[in-house]
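Residue numbers (my numbering): 254 to 698.
It cannot be assumed that every hint is accurate.
[To be verified] Dumping the calculated DSBU-like pairs for lysine-lysine here, alpha-carbon to alpha-carbon at most 35 Å:
id: 1; residue 1: 266; residue 2: 679
id: 2; residue 1: 419; residue 2: 260
id: 3; residue 1: 309; residue 2: 436
id: 4; residue 1: 264; residue 2: 364
FYI, nobody ran anything at the bench for these hints, they're computed from the structure. Being a predicted model, the structure only gives us computed values, none of them experimental.
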Amino acid sequence: MRFTLPKGWLKKKLVEIADVQTGIAKGKKNISDPVTRPYLRVANVQDGRLDLNEIKIINISRHEIDRFSLREGDVLFTEGGDFDKLGRGTVWRDEIPGCLHQNHVFAVRIKNGQILPYYLSTYASSFWGRTYFLSCSKQTTNLASINSTQLKAMPLPIPPLSEQAKITTILSTWDRAIELNEKLIAAKQKRKEALMQQLLTGSVRLPQFQRDEKNRAAGIVRVPAAVRRGLYPPSVQPGIPKITYRPDGWDEITIDKLLHIEKRPIELNDDEEYQLVVAKRNRGGIEPREKLRGYEVKTPTQFEVKSGDFVISKRQIIHGACGIVPTSLDGAVVSNEYSVCTVNGSLDMVFLKYLSHTLYFQQTCFQASVGVALEKMIFRLEQWLKFPFLIPPIDEQREIVSVLAAMDQEIDLLKNRSTLLSQQKKGLMQQLLTGKVRVNMENEK
254 MRFTLPKGWL
264 KKKLVEIADV
274 QTGIAKGKKN
284 ISDPVTRPYL
294 RVANVQDGRL
304 DLNEIKIINI
314 SRHEIDRFSL
324 REGDVLFTEG
334 GDFDKLGRGT
344 VWRDEIPGCL
354 HQNHVFAVRI
364 KNGQILPYYL
374 STYASSFWGR
384 TYFLSCSKQT
394 TNLASINSTQ
404 LKAMPLPIPP
414 LSEQAKITTI
424 LSTWDRAIEL
434 NEKLIAAKQK
444 RKEALMQQLL
454 TGSVRLPQFQ
464 RDEKNRAAGI
474 VRVPAAVRRG
484 LYPPSVQPGI
494 PKITYRPDGW
504 DEITIDKLLH
514 IEKRPIELND
524 DEEYQLVVAK
534 RNRGGIEPRE
544 KLRGYEVKTP
554 TQFEVKSGDF
564 VISKRQIIHG
574 ACGIVPTSLD
584 GAVVSNEYSV
594 CTVNGSLDMV
604 FLKYLSHTLY
614 FQQTCFQASV
624 GVALEKMIFR
634 LEQWLKFPFL
644 IPPIDEQREI
654 VSVLAAMDQE
664 IDLLKNRSTL
674 LSQQKKGLMQ
684 QLLTGKVRVN
694 MENEK
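Starting from the given sequences, assemble the full structure and let the hints guide the process.
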């Protein structure tokens, strides 16, 4: 904490104003008088919020319940993990009565009301809080962690309670704006996902392409029970791909009739620099990896990709790792762990990108992959090319793309707004939490 405190502010260590409670460790044996309780894990504690979609339970001795229980107003901090998890936290509002916390989550309990929980949580997430955690953490490659001793020693600038309350009121306004914007993004993404599945299967037709047939339920199987039960991650869609209905005017055609497999082998020059790329899971697109000179590339067999190519990761396609090469990555290289495709005149490339989001497409990728372990399954391109797909006329493809692209643009604008709001909040935190800008306390006198 390298700034001068304003008049009336105090500097204290966390241990002077709060107790730090460590959590319960998993796997304890010989539990006497056992009871079952819900407990929070690192995955549940996000930056400034909680994710309570999946709550685990644990067995604990009855006499230890109070020792590991959370109380309303506790400030939660994560021990670490990835760098973004270091010191991450939020305020517990007793969302789950009787909830415990894991030993990788600290519960900080304020003593004598010397600091407001939200103020403490906000300061810890600020530049100064993050800097402290990074400065004292134990770090290895891509991982960092703190212990309770380091957390207790965290220095804090403490304004009077009335000023803390004013600061938290101001910052919570930004939090609410960000939260509302995120909810709007989620709602629009859900709406787009539903419409995309309908348009790409022909169960809903755009008005200009409707004939005598009526819009109907989607003609593919639903999300498999194995996924719903958690036997597979959400990125994987097992099951038998089935086409149960062909819309009027659409063709049922094997995908090999629509794609051309591209192979552009290159000979690596030791002194030349090459851009490597990666296909992100969940249809996250094609993104740059590192740039390496020829002698640094471990796999000597490399192929050039061009802007507009559709690239499939043979080892990750069951997780949705595919996408279109953007203009910025034209001329990049991939190994033979990737399949590279272009389309003929009967298929719009962006339509193919959206088609890859459908359950049917994902199931064909799963069925065309072989291997005994999920993370070791290999995609067999030749087998996948024999699957039939429902393809509308090219003009209908382009209209569908236009509708979905407009929805994507709207979502991107909202995401940009969230980024802007977050940046504004960070800037405001820098000023308010250091006293560089003081809140108007005249009405408090």
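Could you check the structure against the hints above and give me the numbers of any it violates, in ascending order?
none
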